[in-house]
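Engineer: Those protein sequence lines, which keep their order, are chains A and G. All residue numbers for the first sequence refer to the working numbering, where the first residue is 1 and numbers rise by one. All residue numbers for the second sequence refer to the working numbering, where the first residue is 113 and numbers rise by one.
Since the hints were made in silico from the structure, they are not lab data. Glycine included, C-beta positions come from ideal geometry on N, C-alpha and C. Do not rely on the hints blindly, as some may be mistaken.
Partial selection, computed: residues in chain G whose CB lies under 7 Å from chain A [said to hold, decoys possible]:
| hint | residue |
| --- | --- |
| 1 | PHE157 |
| 2 | ASP168 |
| 3 | PHE203 |
| 4 | ARG213 |
| 5 | GLY222 |
Only part of the chain G face toward chain A is listed, based on derived beta-carbon distances under 10 Å [what the hints assert, rightly or not]:
| hint | residue |
| --- | --- |
| 6 | LEU155 |
| 7 | MET158 |
| 8 | TYR160 |
| 9 | PHE177 |
| 10 | CYS204 |
| 11 | PRO208 |
| 12 | GLN210 |
| 13 | LEU212 |
| 14 | PHE218 |
| 15 | PHE219 |
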Amino acid sequence: DQQVKQNSPSLSVQEGRISILNCDYTNSMFDYFLWYKKYPAEGPTFLISISSIKDKNEDGRFTVFLNKSAKHLSLHIVPSQPGDSAVYFCAADEYDTDKLIFGTGTRLQVFP
Amino acid sequence: NAGVMQNPRHLVRRRGQEARLRCSPMKGHSHVYWYRQLPEEGLKFMVYLQKENIIDESGMPKERFSAEFPKEGPSILRIQQVVRGDSAAYFCASSPRQGLRDTEAFFGQGTRLTVV
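Turn these sequences into a full structure, and let the hints steer you where they fit.
Structural biologist: As structure tokens, this is what we get:
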């Protein structure tokens, strides 16, 4: 059973526009969420995170929104840049467990 | 992150052989996590180790897979008698504290295992 879902396998956005990547989860015990960026043949790189006690966290061009009632989070990238082209993974963590649960990823392509 | 070193980067094994994957955590990190990514899937937790101890191996297949993190040296993920289905990218992550919520936790570049 997939507890963390990224239903869009790919997204294509023009440079300068907003990229919105979505993630849904089913486990109400998750209390912390992370976004990772991954380039081909490299490991995931931490991007931004949010605790379940918040509904928004911002870091430069990246903002994560959390809607607990809908069990939904999204990553906004504004403005999008060609260097943002990568696979983005959403991950969730449950308090006092030792493992992150990852989604299947969304491939973002930012074109000029 | 270049600080977590995994080797080899690529490993080819014939069915039935053994695969040994190594992970050297960042300096000062005593917590190591192994994840596996099958083609077109997300990363899946395998095992969490602290120095000399396996803390959580709930994601490890019951047979053929083992992991260790000795007092000296890298963490080793060992797969015996590999099968085609073991072909995947294996990532390790290290952290100075329990959990990967820590902003000082990093993933390595992974080992891509191909079983032929």
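Engineer: Each hint should be assessed against the structure and marked as holding or not.
Structural biologist: These are the hints, each one checked on the structure:
no., hint, verdict
1, PHE157, "holds (4 Å)"
2, ASP168, "holds (5 Å)"
3, PHE203, "holds (5 Å)"
4, ARG213, "holds (5 Å)"
5, GLY222, "holds (5 Å)"
6, LEU155, "holds (4 Å)"
7, MET158, "holds (9 Å)"
8, TYR160, "holds (4 Å)"
9, PHE177, "violated (16 Å)"
10, CYS204, "holds (9 Å)"
11, PRO208, "violated (14 Å)"
12, GLN210, "holds (7 Å)"
13, LEU212, "holds (5 Å)"
14, PHE218, "holds (8 Å)"
15, PHE219, "holds (4 Å)"
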